[in-house]
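Chemist: Protein chains in written order, with the numbering used here: chain A, 1 to 530; chain B, 531 to 856.
Source of the hints: derived by calculation from the structure; they are not laboratory data.
Treat each hint with caution, since some may be false.
Stated by the list, open to error - With beta-carbon atoms standing in for the labels, derived distance ranges:
{"hint": "1", "chain 1": "A", "residue 1": "360", "chain 2": "B", "residue 2": "551", "range": "54 to 60 Å"}
{"hint": "2", "chain 1": "B", "residue 1": "616", "chain 2": "A", "residue 2": "178", "range": "35 to 41 Å"}
{"hint": "3", "chain 1": "A", "residue 1": "105", "chain 2": "B", "residue 2": "551", "range": "51 to 57 Å"}
{"hint": "4", "chain 1": "B", "residue 1": "577", "chain 2": "A", "residue 2": "477", "range": "30 to 36 Å"}
{"hint": "5", "chain 1": "A", "residue 1": "144", "chain 2": "B", "residue 2": "559", "range": "51 to 57 Å"}
{"hint": "6", "chain 1": "A", "residue 1": "32", "chain 2": "B", "residue 2": "692", "range": "29 to 35 Å"}
{"hint": "7", "chain 1": "B", "residue 1": "587", "chain 2": "A", "residue 2": "214", "range": "52 to 58 Å"}
What the hints assert, rightly or not - Below, a list of computed lysine to any residue pairs in the SDA-like style, where the Cα atoms sit at most 25 Å apart:
{"hint": "8", "chain 1": "A", "residue 1": "219", "chain 2": "A", "residue 2": "408"}
{"hint": "9", "chain 1": "A", "residue 1": "212", "chain 2": "B", "residue 2": "710"}
{"hint": "10", "chain 1": "A", "residue 1": "268", "chain 2": "B", "residue 2": "693"}
Note that CB positions come from ideal geometry on N, CA and C, so glycine has one too.
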Amino acid sequence: MRSPNLLRLAACAALVASSAAIAQGTTEQPRYGGTAVAAIGSDPGALNPNITVGVPDVFTGCILYDGLVRFAEGFKIVPSLAKSWTISPDALTYTFNLNKANWHDGKPLTSEDVKFTFLEVSSKYGSKFNAPGAAIKEILTPDAQTVVIKLSKPFGPFLFSMACEQNAAILPAHIFRGTDVLKNPATLTKPIGSGPFMLQEWVRGSQLTFVKNPNYWAKGEPFLDRLVVKIMPDPGARILALQAGEVDYIDQYYFPISAFKVFEKNPKFSLKEVNYPSDDIIILNTRKAPLNNVKVRQALMIALDRNYILKNVFLGSGQAGAGPFDSRIAWSYNPAVHYEKLYPYDRAKAEALLDEAGFKKGPDGTRFTLRLSFDPGRGEYTSWAQAIQRFWQAAGIKVSLEGAERPVVLKKVYGDYDFDATLQNYSTSGDPALGIARAFHSASIKQGTNFNNASGYSNPQVDELFDKGRDAPDQAGRAKFYFQVQEILARDLPTLTVHQQAQMGAAGENLRGMWQAAAYQWWNRAWLRK
Amino acid sequence: MRRYVLARLAWAGPIVLAIVIVTFLIIHVVPGDPIQALVGDFPTPPGYAEQVRKDFGLDQPLATQLWLYLSNLAQGNLGFSFSNRQPVLGLVLDRAKYTLLLMIPALTFAAILGITMALAAAPRAGGLIDSGITALSVTGFSIPIFWLGQILVIAFAIQLPWLPAQGMVSARLSLEGWPWMRDVLWHMVLPVFSITIFYVAMVARVARASVLEALSQDFVLTARAKGLSQRTVLWQHVLPNAMIPVVTVIGYNFGHSLTGAILVETVFAWPGLGNLFITSIGNRDYPVLVGIFLVSAIAVVIANLITDILYAALDPRVRSSYGKNA
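With the hints as extra help, turn the sequences into a complete structure.
Modeler: Given below as structure tokens:
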């Protein structure tokens, strides 16, 4: 079963486009040598990127390991360990041709490693690989360089799920087979990867030092001799170290929005959107009155001036919430569904809607009270909660702020459903099937499991459209269902998307190459100007 | 005296045990799930979270977990860190040495400077030098240590790029031997200075009051009447008599030195125990937290014991009272 030429062409086009993107923006020739320094907030728990979605683990793990594919700018899927691939017309068979690569211990990387990784590690321990892993029917290895993956049903974001940061780093079967993956020394302290760098030393609480893999499969790469990942828990310390030139790069997860203005116009630093779009949302508990009333939820949206919040709370970084889908995943976003057009800020209209819903103001001017649960530990969430309180109280809704430490909030919201409204950040994970559906699909109502459908919203039509959007074989086909589901969600509003967060990574002027791509995994092309 | 020390040591055991049990229970009562911190925010594949929970004994009732912990503790095993996936004892001791690297010089400088400042200020109470030193010590005591740290970084690492902004070693260099030691010393300057400022203010305040009190005693008048110089009166007669409160303050702070630099370690990304403490709270890494409390409690008990012995060494009256009672 071979793919149509069109698909093959698309894969090639993606490759060329990415190469062009890599070359764009600079005429400088990459320079070999030097040590780059990146800062993250805490030590990784383990050096195996397939057993957790924790940022330090994935950040460091994807320096050591490669996936079959990786993302170029704009989340274009481009080759990595797989030099090419074909997809059958029914989207049930994926055939990958591997690059000739070796493990850090010199043994060859083969199709058996891919099969072992997906079946024995990623499917069992990888949270992000949960859904794609469940879709795999069997994996065939006709020769050492060819992997054929057969699916039991189409899974739209399957190719997307083959990247390192999707818990799909290819691991060495000869090291892990027959062992407890979680306790294997390669997971804990002595990783054997195939990536551009090898671990030299790990001083916990201080830094991880990686050295160049001289036998990296991509000829001429990497450019750096060493890469040091510093552990810096304090955001202020990270920012000062970047300013002092001691750190070259701060990953977006650890770059505080409050620093955005400091670096935005300083030519010595570059800021760039480097991760999947992510949204700041208000989840409404639709299980009980008054939030089980759609008119109330719409009124809450209309009563919020999202542009004010964008400007004053999020300091102008990112954009006001466009809709239930992030507008930056352009292929899936329905431009007809735009909150600015559907629900422009209008307090009088919000009050009229609340009256209409039967929640008239009492003698003290209050219609009802809502408890707003949030984590003040997140940079801007306290001022965001206060802004919401001000806007909603102006419409006669009393808001009691319930700020608590993150684990407490998670337990209240996802464990006990003991909240009226809560402020959360949901990553789209780059694909609606991976990051967006979980907030709305009724199969995601799983008490005690975090970051799923906490609103309790359940609509069979929405479930069906999300399923069809996930399973359709091509992007255009998927988008058709997603466009429809956005119209329903924008009407029902179980969550209010207030802000599309800027996922800014920050680099000093000396670091090059790293910036030519999204997400984490391009240290192989990073180089230092001097 | 020896019986007194033995009695104090005998008491230390139950005190440390009580601290361990109370902290174990308090930490476990705080909401939060270490497994969540381990596997991340996405729903895990079926059975995975349960497997990890079982591996770490977190599926057991709290009483069983406590009993297991205490049984292991009796064998010198402080447990296994969830988030670092390594034994707690090695992890805590490894980090403690980096903290002591900051705290011992800082407290030593603070003791020397603080006492010297007090001896300079007290005899001229109310004068210009005294007012100046008092103002300095109030300022040093009141400045938030993390703020001071950041200001020092901005001043001496960014505006005047003389000193490193963070860390214990230069990440870009690969040093060994003496160059490595020099690099570490270089990185110690700003954090040690930040801690010293705080403690010097504390020691100076206590020592000044204590010296002032000793100066009003009759023996000082006698010493002066005998024609002794001011320097001899201060250093040989006043200082030993004024030292008890000063030793108390310094001893107390040495006891707390393992956890005393949390904020400074955070600001300067110093890989010490304070830093480990902060990240372990976020990760709900119970064994590490209890381990840090345990090691700190032992340090406090030892520091108090040494302080008590120093009292006796400094003051013959204390010695003789031990003699009578013992």
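Chemist: Return the numbers of the hints above that this structure violates; sort them in rising order.
Modeler: 2, 3, 7 and 8
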